[in-house]
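Undergrad: If you want the building blocks of each chain, they are given just below.
Number of protein chains: 2
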Amino acid sequence: MRMSELRQNLATKEWVIVASERAKRPHEFVVTERKTCGEGPVWDASCPFCPGNEEADLEVLRTPNSGQWQVRIVGNRYPALTAGGDLERQYAGLIRRISGFGYHEIIVEAPEHNTCAALQHPTDVARVFRTFIERAWMVQRDPRIEYILFFKNHGPQAGASLIHPHAQMMALPMVPMDVRVRADGARNHFDEVGTCVFCEILQQELEAQTRIIAETDHFVAFAPYASVSPFHIWVMPRTHLASFFHIPADEVEDLGRIMHTVLRKLYVGLRNPDYNYVIRTAPVRDLGAPYLHWYITVVPRVSLAAGFELGSGIFINASLPEECAEFLRQVDVSQNGFFA
Amino acid sequence: MRMSELRQNLATKEWVIVASERAKRPHEFVVTERKTCGEGPVWDASCPFCPGNEEADLEVLRTPNSGQWQVRIVGNRYPALTAGGDLERQYAGLIRRISGFGYHEIIVEAPEHNTCAALQHPTDVARVFRTFIERAWMVQRDPRIEYILFFKNHGPQAGASLIHPHAQMMALPMVPMDVRVRADGARNHFDEVGTCVFCEILQQELEAQTRIIAETDHFVAFAPYASVSPFHIWVMPRTHLASFFHIPADEVEDLGRIMHTVLRKLYVGLRNPDYNYVIRTAPVRDLGAPYLHWYITVVPRVSLAAGFELGSGIFINASLPEECAEFLRQVDVSQNGFFA
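Read top to bottom, the protein sequences are chains A and B.
Taking the working numbering, the leading residue of the first sequence gets 1, the next gets one more, and so forth.
Taking the working numbering, the leading residue of the second sequence gets 341, the next gets one more, and so forth.
Chain A with its partners taken away, still in its complex shape:
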């Protein structure tokens, strides 16, 4: 019987309850209903993202420009926000609203209908991130945009309604409260201690080694000390940098490498679990250079947030981050037979 503990994330100040009596071992989170991305047809006549079915009117950019595209960005057919119309703000008592101005776009990650990052080559994964950055530089020229969020929903439990591999971009006319609260926390830390709290965390994780999952020249992937759920992963650049969109061009190839490794370890080790990933980066007009540090957070959907999380903002994690990291370290991603 393991006593549970409450852990706090030094950067986000979020608490999590970990490893209670209900704690599970990492292998208990392996998806039992086997499903691979590689199964099914490589092309689907009814898929709007498959080559030949492109909705030309929605296209924003494609790469490469000639020959078969490898990555393509299109406007969302059912956008949550749209760039048409004016940006209007109305504040009157209870009523506080902004017109639904913004950009909501889909990044089609590959021409193949049945692939995913874990099955692609690291170079293909890097191309997706490079395309994110290219699009972000275009979008942030719009002076009304204050925050750009790239994220991915992989699998139905993570909110994906289409199989064809795709990520999304939402460009917002304001900085989300969550982003602001975290930035304020990081600035307070810098004011008190004189260092970037994320650099500090990364340094301590590298010294401890117990939660490290993978390393490359420029990036480190680790299970956060206060992981909010089993197999929660942070992928962080070793060098201090506030904005994902300012990443040096030669490091993007390496980002593709570590993300490929991380997502392939999840795919092989847990048998293709549903997951979300989100790129946490600085607001476009408030780079907060010395105290913000961009990173990617990956959250597999292997547990369910319920009333307690809703009421407290505290997550219950029925696993130990140290055990999850060890489990993932030992997953061999060089093998070809994934579910062997």
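No lab work stands behind these hints: they were computed from the structure.
Everything numeric in this text was worked out from a predicted model, so none of it was measured.
Do not rely on the hints blindly, as some may be mistaken.
[Said to hold, decoys possible] Pulled a few chain B residues facing chain A out of the computed Cβ check, cut under 10 Å:
(1) L512
(2) F530
(3) A548
By construction, the Cβ of each residue, glycine as well, lies at the ideal position given by its N, Cα and C atoms.
Model the placement of chain B on the given structure of chain A, informed by the hints.
TA: Relative to chain A, chain B alone:
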């Protein structure tokens, strides 16, 4: 085609994107796979909460004390937090932890295995809330407890693993960050404006009437202006009061009445959707009397939070709160044939 809009909750400062082009009408959220609570046996030999199967060692209190109990509180067999052991805090660099001290208890809401609040008499529902309060007064005598959270997970998608109707209590050795952020916001509002922000919201909702769902002598149920999801409901006392645990005894009966109405409207109107409810109340040692105002938030599980919500803290609500409120106002809860 409706243009979407961003709405901010005046009290919580949370933003939500509502009613985009993907907007749905209220009836589209009706649960199609019909399932009633009333089906199935009234007693289950394998249910630990059914009369005759009581785990006596875990019992904390029962009411009434003699004869057949109607509500019973038991320790959780697999608690996330336990009251045994010392409350220890360790802060060293990245490491910030508190031992898993606290109380995690189950409130069995009825002896019947196959009932739920929507099928009970309002008096039964009131008895559950009265038992919450009775237990809270016992638990808060423990000086190590700073926050007491009562919540309910109804149905598997809301996190309930057992059918027998039950709620939960978590008593925590610290004030959750979310609670503190909201309290700070409410205090700032009081400092600026001189009024309780929740009283202000309630007043404006009563004037507007468009989002009101039900009213009783002491309570008002309404769809918040910035509802985070379809059929999101706040049930709020008309009279300013910071702490749920200080509610006058004669008002608890009325609370049972309005909660019965609200949950029955969901049950009848949406055909028994899964939902969570949470009682948001002041910290036990920081009642913040003039600026905090307790209420119950009810969130039906009819949509899915995904990468965007994870990355921004902003919810996308594919419905209009005004339409959801109107839909629920028109649900007749006096009828007996629920799914007629």
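Undergrad: If you check each hint against the structure, which ones fail?
TA: As far as the earlier hints go, only 2 is violated by this structure.
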